[in-house]
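Undergrad: Residue-level listing of the chains:
Protein chains: 2
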Amino acid sequence: MQILVVGSVAFDTVKTPFGEAKEALGGSATYFASSASFFAPVSVVAVVGEDFPLDDLEYLKAREVDLSGLERRPGRTFRWQGEYGFDLNEAKTLDTQLNVFAEFHPRLPESYREREVVFLANIDPDLQREVLTQVLSPRLVAADTMNFWIQGKPEALRETLKHVQVLLINDAEVRMLAQEPNLVRAARKILTWGPRTLVIKRGEYGALSFSDGGWFAAPALPLENVHDPTGAGDAFAGGFLGFLASTRNFEEANFRRAVIMGSVMASFAVESFSLRRLEHLTYPEIEARYRQFKALAHFEDL
Amino acid sequence: MQILVVGSVAFDTVKTPFGEAKEALGGSATYFASSASFFAPVSVVAVVGEDFPLDDLEYLKAREVDLSGLERRPGRTFRWQGEYGFDLNEAKTLDTQLNVFAEFHPRLPESYREREVVFLANIDPDLQREVLTQVLSPRLVAADTMNFWIQGKPEALRETLKHVQVLLINDAEVRMLAQEPNLVRAARKILTWGPRTLVIKRGEYGALSFSDGGWFAAPALPLENVHDPTGAGDAFAGGFLGFLASTRNFEEANFRRAVIMGSVMASFAVESFSLRRLEHLTYPEIEARYRQFKALAHFEDL
Chain A
133 MQILVVGSVA FDTVKTPFGE AKEALGGSAT YFASSASFFA PVSVVAVVGE
183 DFPLDDLEYL KAREVDLSGL ERRPGRTFRW QGEYGFDLNE AKTLDTQLNV
233 FAEFHPRLPE SYREREVVFL ANIDPDLQRE VLTQVLSPRL VAADTMNFWI
283 QGKPEALRET LKHVQVLLIN DAEVRMLAQE PNLVRAARKI LTWGPRTLVI
333 KRGEYGALSF SDGGWFAAPA LPLENVHDPT GAGDAFAGGF LGFLASTRNF
383 EEANFRRAVI MGSVMASFAV ESFSLRRLEH LTYPEIEARY RQFKALAHFE
433 DL
Chain B
133 MQILVVGSVA FDTVKTPFGE AKEALGGSAT YFASSASFFA PVSVVAVVGE
183 DFPLDDLEYL KAREVDLSGL ERRPGRTFRW QGEYGFDLNE AKTLDTQLNV
233 FAEFHPRLPE SYREREVVFL ANIDPDLQRE VLTQVLSPRL VAADTMNFWI
283 QGKPEALRET LKHVQVLLIN DAEVRMLAQE PNLVRAARKI LTWGPRTLVI
333 KRGEYGALSF SDGGWFAAPA LPLENVHDPT GAGDAFAGGF LGFLASTRNF
383 EEANFRRAVI MGSVMASFAV ESFSLRRLEH LTYPEIEARY RQFKALAHFE
433 DL
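Chains as they are written, first to last, in the working numbering: chain A, 133 to 434; chain B, 133 to 434.
Treat the hints with care, since some could be wrong.
Pairs involving identical chains hold if they fit within one copy or between any two copies, as the list cannot separate such chains.
Unchecked claim - Here are the simulated SDA-like cross-link-like pairs (lysine to any residue), alpha carbons at most 20 Å apart as the crow flies:
#1 Lys224 <-> Thr265
#2 Lys321 <-> Asn357
#3 Lys321 <-> Leu355
#4 Lys321 <-> Pro354
By construction, these hints were calculated from the structure, which means they are not laboratory data.
Here chain A stands alone, though its shape is the one from the complex (with noise of 0.2 Å):
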């Protein structure tokens, strides 16, 4: 199966306890096709300003990902200043430049109008819907969102929801999105606006997923070298979408392995700056990883 991802493609200066790096290669987009192009093509909507240099993603196109959706208009790109702390679970947001992405309205090359996975990264509900609505018969909605939109639109975001299948968001957003302190009874709640999945992201405490079939756990990958969580929620979602794109098994089993497959993925974002180790990335090395998962969760029957 085809991945259509809609999200932003940016210019990020980060400051970690680790280093920095300055208007570096970033993005919802830019971290989710990085990761996903492992596992299955993927179709990139999304707009860059005159200043952008397209060869910055040539490395995406040698992984079969499509960029016709990717709109150069006058102007700046969308420019994002973050800086982290020593726990690097919450980044502080020093500058949001939106420039280009103020105005955009995305048309779909029409194309993408086949594809059957969708990936609404996190951007304004109302867009998030303007693209679904151009997407045939997808047969795989998931999405992001951040408290800034929980509680700026909360009436649009409830809106996108009832078209969502998987919602993958950090345990802080469940509690506010559901207004509700406690997460077993927040997830609950989510899973009757729309989704019947929610994948919450909990940084270095790895992932949980609740759906009808139960709950999972997932460990995180306990890392010597963490440089820049930037980007990680996005390399975890592409890793998730584009394992169960490429297996085309939406079971319960098959889903637990995804949301390993998207820890695997984030766990390699976060060893260096930008893109530059997803850029780099060999799948044998996924794979590896993914049985260091395997070994450090594992455990007998009693």
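Put chain B on the given structure of chain A with help from the hints.
TA: Relative to chain A, chain B alone:
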């Protein structure tokens, strides 16, 4: 194998967003013994004041807990008062009254000196060693500690650690003890100081164990009803060591089962205030919850 525990028997006054308890039965040795006694005989070393109603510990005697090392001395029993916010991960201590614990220098009953498994709960590291030297030939020594001793008595603690095989502490304490923000590097450092296994308790995020045999990540069960996290760490230690003592198997695969059993017992402990849940628990409930952990964490190879 029989287990020896030295720790506190106390009155706790606790407030959480889900209720409160005043002067309720608590203390590290109490939580530990209540948990470990489902698996193996436990001998308690602790001190209480004249105000302590020994009848409150009757349920422990029914489970082969030996209280002959529980001194009763003139004065008041140890008291702790604390409060938790919604995240329940960290207690805010409001008041600590050591009372009879201040001058505690335990003399072990003769029969206790033969014990093979020892748990040194979170007390002064000098006191931990005082107890340990009275045990003839321990096969497995585990210890807990906290920021107060890590910062206040670092040399005494390092001395105690030389004689400890398993150290059970939380993430923040691992980083503080090793003076290293990265958890993997911190763990590796501590493993050169004596302990062969480091079990890191992470509350609602589960537990991580590090040893030469590898790393193991245990999930926490997402709970719908968490009332009071007090004593969860000691209940964890009780399940962990109780299971190891009862199976007499210290191999890596069995250590992993023991970490899960610790998590199982902690998951029960937090479901009520004080010892209520552990007091009325049954072994079939423990086995059923172990299976729930297995179902929660299981995933297939690629």
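Undergrad: For each hint given before, does the structure comply? Return the numbers of the non-compliant ones in rising order.
TA: 1
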